[in-house]
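Protein sequences appear in the order of chains A and B.
Here my numbering is used: the first residue of the first sequence is 23, the next is one more, and so on.
Here my numbering is used: the first residue of the second sequence is 96, the next is one more, and so on.
None of the hints are false.
If you want the footprint, here are the derived chain A segments under chain B, 3+ residues with CB under 8 Å:
id	segment
1	166-178
2	187-197
3	211-222
4	230-239
Some residues of chain A that are not near chain B, with every Cβ distance over 10 Å (derived):
id	residue
5	Gln28
6	Ala46
7	Met54
8	Val55
9	Pro61
10	Lys68
11	Leu80
12	Leu84
13	Glu95
14	Gly97
15	Leu137
16	Gln144
17	Val150
18	Val154
19	Gly206
If you're looking for bench data, these hints aren't it; they were derived computationally from the structure.
As the structure is a prediction and not an experimental result, all values here were calculated from the model.
Heads up, the beta-carbon is just placed ideally off N, CA and C, and yes, glycines get one too.
Here is what each chain is made of, one letter per residue.
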Amino acid sequence: MIALLQRDMKLAFRAGGGFGLGLAFFLIVTVMVPFGVGPESSLLAKISPGVLWIGALLACLLSLDRIFALDWEDGSLDLLATSPLPLEGIVSIKALAHWLTTGLPLCVASPLFGLLLNLPGQGYLWLVTSLVLGTPALSVIGTFGAALTVGIKRGGLLLSLLVLPLYVPTLIFGAELARRGAEGMDTTTPMLMLAGITFGAIALLPFASALVLRVNLR
Amino acid sequence: MASIWEYANPVKFIRTADRVLPWAMGIAGVTLVVGLFWGFFLTPDDYRQGSTVKIIYLHVPSALMAINIWFMMLVTSLIWLIRRHHVSALAAKAAAPVGVVMTLIALFTGAVWGQPMWGTWWAWDPRLTSFLILFLFYLGYIALWEAIDNPDTAADLTAVLCLVGSVFAILSRYAVNFWNQGLHQGASVMRAGAVTGTDTEEKVSNVFFYPLAFCILGFVFLFIALVFLRTRTEIHKRRTKALLARERLG
Chain A
23 MIALLQRDMK LAFRAGGGFG LGLAFFLIVT VMVPFGVGPE SSLLAKISPG
73 VLWIGALLAC LLSLDRIFAL DWEDGSLDLL ATSPLPLEGI VSIKALAHWL
123 TTGLPLCVAS PLFGLLLNLP GQGYLWLVTS LVLGTPALSV IGTFGAALTV
173 GIKRGGLLLS LLVLPLYVPT LIFGAELARR GAEGMDTTTP MLMLAGITFG
223 AIALLPFASA LVLRVNLR
Chain B
96 MASIWEYANP VKFIRTADRV LPWAMGIAGV TLVVGLFWGF FLTPDDYRQG
146 STVKIIYLHV PSALMAINIW FMMLVTSLIW LIRRHHVSAL AAKAAAPVGV
196 VMTLIALFTG AVWGQPMWGT WWAWDPRLTS FLILFLFYLG YIALWEAIDN
246 PDTAADLTAV LCLVGSVFAI LSRYAVNFWN QGLHQGASVM RAGAVTGTDT
296 EEKVSNVFFY PLAFCILGFV FLFIALVFLR TRTEIHKRRT KALLARERLG
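Only chain B is shown next, with the shape it has when bound in the complex (with noise of 0.2 Å):
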């Protein structure tokens, strides 16, 4: 059985990416076309919402990766941090724009969607609140790798960013709970109870839910794809790099 270390290797990651890449594309389209079309044309109009319910097939998945993403760069981080593998902290740089765009889409789908409903495109709400504390996680993440010229101080300093950035970022979560009550509805897709069964609170009907799930995984295999592309780009960026400094010196 090979370890997971041996895709610390940048030739061999570049290879598994090269295989795995297709694929992903190819599920993520698969995916969302099947999913949003479903939902957008074949599940009925809520009773209550009406038709702009149908903003769930992009809203849940897009909040959904964005915490995944900050969490899957916390991981990298600490690998980097760790255990020095450079392909590590280029994946955790290559993911954070896809997370800033998945934060906004989240934000600006939920706005779209609470105008009709909440009767406005803003609230000071503890969610919205701490997404919006997000995407300036976010921002100052990328302006951190942006600002520094060597590769290896930016990946450090962007890592321990990242590591403090989340205990800080969870404490704003719970720190924003107390300041405001919510607006926004209790979780009612991804529940315990849901999942067995046991449940019998309020939870998205089924009829939803089918749909919502083929979007979840569209988004999910989207994400994998964008990262592997991106960190097979930087690393041949960085080779570029290396070749040309070669070249000036010889």
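One chain only, chain A, in its complex shape (with noise of 0.2 Å):
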């Protein structure tokens, strides 16, 4: 397992395997806002923790097709799943190393990009919170809908539509943490809401990946 978590890491490092793009992409996503809204300094501090989340997001989904699609092509996918180890298994060690490579990134980044943004000074904490509680559930999430997807060619679009409405809850609380956060609100509520999403998904979504997976390589 640990074997694998290493590959897969390893690949994404590599030149091609798209480590460092979701971070780029949530670059560019932030920094667009503004020629969009406008620069005016209140109104993007209302908004920085809502549109630093749904740049996340979106840099999190532009990544999932890589989960699998490369370990389908070139058929390891069928190699690791005759292996010993239980499908359950490789599909969680998959979404580890995706929110490995691109949740945690993310989370570390992401109080620069709310100097971009004019995030108020109490919120920082809170966002970096939310996102570490809430990126793993995009992860999971993600890995379920691109085990649904593995076998379609050019499956892209149908993924984001599968996946953005299992998304909302995770958006909802997730930012609603981080807004509160920043007004200086009680955080209690929705911080409970999102790590119960979470360690819901992390417990639950991989056995249904690997159902998929497995009718997918049928």
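The two chains are supplied separately, each in an independent frame; assemble them into the complex guided by the hints.
Below is the structure:
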């Protein structure tokens, strides 16, 4: 399992692996927003938690089809499926590798982007907290979507259509947590709900992902 | 007593569909005509809402059906996953487009009613928002059916999507509740208290309720007729495909 994690991480870091692309995409979305809504700093401060969450979500979405597509094409997914590891474990490791290469960098870099959008001072801690709590759910749910569409050629658009509605609860509680934190309000409820969604998804969704992967490998 | 699983046999199902279809269509036609005519022409205007109250005869039944059709798809998907009856998977496939149309009708009539009453076509109210999300779930479900060639793979994948989607749809329903306060009025037609008569809160007056009941019945039978019709078509389509494939081989 650790070998698989190391392999996936290595593939992502190598040239063409797409590591850093998600981060660059996050940056460009953040830079584009003021051009769209105007440079007024009070407005930017108000919308920055939501914008940063949307940016993180889209950056996550862009890298989803890489989770299984390459392994599917060169046949290593079949090898993995016939290995002694349970498919549920493989799916979880894939999701973890995706989070380590996209979600974690986003969490680390988000305060910098918050600065660009004039995020209020007390909001930084809560922004990072919400992303750390929420992005694992994005990776796990996205892995399910990627497993659903792995056999479809040019399934990228379909993947977005399937995954984005599933992201709604995570986005609502994540952005709400960041917004309440930035405005200095009570953050307990959205934080608990967000954590609940994330841990629930981590616990249950790998079974669904493994199930659909088995169907696709049939 | 015949078991319900006998209808999993496509031949038996088609025979039943042939028998049920004219009745379902007839009942749907009669109840819809009676309900809509009664509702539109024979009931008084509401003292506050004026004649816009009459949109209820389309809005409430379609919204009710939109949710229940997804529920029916959930049940048939489960039956397919557990007992592998093809008719069940095809019924789920057949129901989805009907569900989309119901969702659209509910959203559209709601917007038409909201414009004069709330002064806006659209508001990010929890009920409206969750209906929009339900619409997206239907779209994704249908798109997945369309994207996969192998019918068994498609049935499996969409069934799992339906299960996972149901969980997330319910989560979204409560998440949007938390996210924004509502403009939409609460349930006033089908409440436990309203049925038993112990409820003193505001509830739809009987003048409006009787034609509404006809319309709901009409929508239910319309849905039954459409699902039977579309499932039958799917079975015929699959059979044609099999025959063509056999001919090409032979």
